[in-house]
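Asker: Listed here are the chains, written in short residue letters.
Number of protein chains: 2
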Amino acid sequence: MESGDGFRALDEKSVVEYIKSAPALTARLGGGQLDGVEIREVGDGNLNFVYIVLGPAGSFVLKQALPYIRCVGESWPMTKERAYFEALALKEHGRLCPDHVPEVYHFDRSMSVIGMRYLEPPHIILRKGLIAGIEYPLLAEHMSEYMAKTLFFTSLLYHSTAEHRRAVAEFCGNLELCRLTEQVVFSDPYRVSHFNRWTSPYLDRDAEAVREDDALKIEVAGLKSMFCERAQALIHGDLHTGSIMVTSDSTQVIDPEFAFYGPMGFDIGAFLGNLILAYFSQDGHANEGNDRKAYKQWILRTIVETWDLFQKKFISLWDEHKDGKGEAYLISIYNKPELWISLQQKYLKDLFHDALGFGAAKMIRRIVGIAHVEDFESIADASKRASCERNALNCAKRLLKERRQFETVGQVISVIQEIQP
Amino acid sequence: MESGDGFRALDEKSVVEYIKSAPALTARLGGGQLDGVEIREVGDGNLNFVYIVLGPAGSFVLKQALPYIRCVGESWPMTKERAYFEALALKEHGRLCPDHVPEVYHFDRSMSVIGMRYLEPPHIILRKGLIAGIEYPLLAEHMSEYMAKTLFFTSLLYHSTAEHRRAVAEFCGNLELCRLTEQVVFSDPYRVSHFNRWTSPYLDRDAEAVREDDALKIEVAGLKSMFCERAQALIHGDLHTGSIMVTSDSTQVIDPEFAFYGPMGFDIGAFLGNLILAYFSQDGHANEGNDRKAYKQWILRTIVETWDLFQKKFISLWDEHKDGKGEAYLISIYNKPELWISLQQKYLKDLFHDALGFGAAKMIRRIVGIAHVEDFESIADASKRASCERNALNCAKRLLKERRQFETVGQVISVIQEIQP
Chain A
1 MESGDGFRAL
11 DEKSVVEYIK
21 SAPALTARLG
31 GGQLDGVEIR
41 EVGDGNLNFV
51 YIVLGPAGSF
61 VLKQALPYIR
71 CVGESWPMTK
81 ERAYFEALAL
91 KEHGRLCPDH
101 VPEVYHFDRS
111 MSVIGMRYLE
121 PPHIILRKGL
131 IAGIEYPLLA
141 EHMSEYMAKT
151 LFFTSLLYHS
161 TAEHRRAVAE
171 FCGNLELCRL
181 TEQVVFSDPY
191 RVSHFNRWTS
201 PYLDRDAEAV
211 REDDALKIEV
221 AGLKSMFCER
231 AQALIHGDLH
241 TGSIMVTSDS
251 TQVIDPEFAF
261 YGPMGFDIGA
271 FLGNLILAYF
281 SQDGHANEGN
291 DRKAYKQWIL
301 RTIVETWDLF
311 QKKFISLWDE
321 HKDGKGEAYL
331 ISIYNKPELW
341 ISLQQKYLKD
351 LFHDALGFGA
361 AKMIRRIVGI
371 AHVEDFESIA
381 DASKRASCER
391 NALNCAKRLL
401 KERRQFETVG
411 QVISVIQEIQ
421 P
Chain B
1 MESGDGFRAL
11 DEKSVVEYIK
21 SAPALTARLG
31 GGQLDGVEIR
41 EVGDGNLNFV
51 YIVLGPAGSF
61 VLKQALPYIR
71 CVGESWPMTK
81 ERAYFEALAL
91 KEHGRLCPDH
101 VPEVYHFDRS
111 MSVIGMRYLE
121 PPHIILRKGL
131 IAGIEYPLLA
141 EHMSEYMAKT
151 LFFTSLLYHS
161 TAEHRRAVAE
171 FCGNLELCRL
181 TEQVVFSDPY
191 RVSHFNRWTS
201 PYLDRDAEAV
211 REDDALKIEV
221 AGLKSMFCER
231 AQALIHGDLH
241 TGSIMVTSDS
251 TQVIDPEFAF
261 YGPMGFDIGA
271 FLGNLILAYF
281 SQDGHANEGN
291 DRKAYKQWIL
301 RTIVETWDLF
311 QKKFISLWDE
321 HKDGKGEAYL
331 ISIYNKPELW
341 ISLQQKYLKD
351 LFHDALGFGA
361 AKMIRRIVGI
371 AHVEDFESIA
381 DASKRASCER
391 NALNCAKRLL
401 KERRQFETVG
411 QVISVIQEIQ
421 P
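Line order of the protein sequences matches chains A and B. Heads up: the first sequence runs through residues 1 to 421, numbered per the UniProt record's numbering. Heads up: the second sequence runs through residues 1 to 421, numbered per the UniProt record's numbering.
Read the hints as simulated data drawn from the structure, not as lab findings. Please note: incorrect hints may appear among the correct ones.
No copy is singled out in the list; a pair is fine if it fits within one copy or between any two copies.
Claimed, not checked - Capping the alpha-carbon separation at 25 Å, the derived lysine to any residue pairs in SDA-like fashion look like this: (1) Lys296 with Glu170; (2) Lys293 with Thr26; (3) Lys336 with His321; (4) Lys20 with Trp76; (5) Lys13 with Val192; (6) Lys349 with Lys397; (7) Lys346 with Glu212; (8) Lys346 with Lys401; (9) Lys336 with Gly58; (10) Lys312 with Ser225; (11) Lys397 with Gln297; (12) Lys13 with Leu309; (13) Lys325 with Ser225.
Quick caveat, the model's predicted, so the values are computed rather than measured.
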């Protein structure tokens, strides 16, 4: 398959020739010959094709975007230019937070191919670790670091408004991926759509209740507008627990093809919301050997720590750069310590409410929308699965509608704990 | 003066040769020869040079942006690319609302020259009419029409999100003009700056009080962020009463060089805020023959009518296009009449609060910032002027801080009337 623009879809055979033609990739493997190099398509990409390339002297991952969504097929076209924005975001976020973003070795725009660090075993997708009940003691520390750095340094707290508008304009180009989010997160779950599915018949009434909840839908309208209109920072755009790879001491954020200048709360909410989904799925994974009670407590502690550490790190970056080129809040105006602190508190409080709103919207769409999460899907007993999902759904609806009343993350935990199986 | 990029500054002589070289302009004058054509530089442009070109068979205005701000001089450089965004906005807003935007005949990007309709006498700048105490019975009707059409049709209520992001990206290029607003509206009035001035010594304490009003400054921070981050619609960006030309039956909006995708409330607030300034200036223009009391009532009625008509027209456009390509609020989700109405009411209420906030900020900056308004400047007695300005300032501070408590424009009028000379 070759198209006029220099693009051709790779397969396990042609990928060898492709690598040979790319010096940055052959160099990673220690030279020109590819003897003893193993190439394997991982096969579980939702959107893209991903090849793991392992040689005696080095390794990398090669990722190619095709002009459709892999898990749906050619019937759902999707620009392969997403690879350009993914590479751009990986490089920018990687520059700002190299400890938690894999290095990019190679990018080929016409082929929509990214060559990047192979996250070697025992790295696994965080979502799978959460399903397995594995604790990651550094997760909150690492994710708060990643979010604080990538969001702060791409916001107007650090950018001049001129830099900001130039960067915003560039990422406006990623509009097709934004449209996908608009549809599957903010629209379809709230209307009848043949893309929607849920654990039927158990949740039939729950899905209908979502579509009939006027107060909920009015709040979702505001969140959708904010998603479409507000260029607050360069966000990852899809920061769920399937976009994070972990070991006990490493946390790596991958797959930022949905990146654009949007509201910070969308990233923070995606991460926290997916942790809350993981929490509510635990009852479905409990068995005689492990009731998962301690693990559920670890998840709740991780939610609290992530937000608390995020706040601390974000404020600390802000203080450190308060005399910098950031133009949103000038120290010459907010020139008294108590005023500066009130300003920061207001900013973080608004961000907290945004995160709760977006996080809850991301939870809802995973239960009654097109794309579900393995946390629940892997619960074989449909009745048990539905019960876990209903708890998560009820929690999300409450967080979304009442979000402005929350002052602390502790209050969020109380709401989560009030919902009992 | 000729620079490498094909740009040269025109003067009353070279403008003749320029016109001869532009067929769209000579055609307006009825042909190739310019016999009997009168050319006059109007001389009162704040930013640009403006030539009125009158011939026996036709007329037009030629506007050239120089790479600095005319009223300050070459010491304040300002991109001449602003003419490109002005022409773009004139054409787009003119397409959407031809009755209230002058036609563009010619645009030359390398020369930063726009040729457009000459707004013939008795058109005058609205601000001058307000100072003279002239009533414009159609002003509210026309301005509500202009704002409803230009804002609705460039928002996500009408645009698909793809069109919207493309248009947003284009106007991100107008960043220098946005930066000027950020500085003179949202920053300088709230800090010590050598650009600031006020009617001294009368208002020394008032200017200081603005700089020390922590609650006010926290609110201004939120407005500035919204101005910088929120791409809600293609706004004029400088919609004060000096950007509007009027006769008793014509209202024409000019000078959109500050246009970009920003918050709608910034335009609505600019217009209403400048009417409130005009109101508070009237006591300084009262004399034995005319106490201006009736005129003040007309201004208040115009404020009420503008907002009420704007709401009606905006909602009516929204209803008319509810099945269109606009993607913010889908009728398939908001599918019950009462839900649709609640959604619209919430949208308009938020917009009203934004307009009050931005309008108040625009009032404050005209009293303690760099650029003042002729409404007050033309009051010769400094003590009397200061008293009018103080009333306006106190009104603005209250509107800005308490804006979320206002439900109706009538409540705003009550606050204005509570402030007595």
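Asker: Checked against the structure, which of the hints given earlier come out wrong?
Answerer: 1, 2, 4, 5, 9, 12
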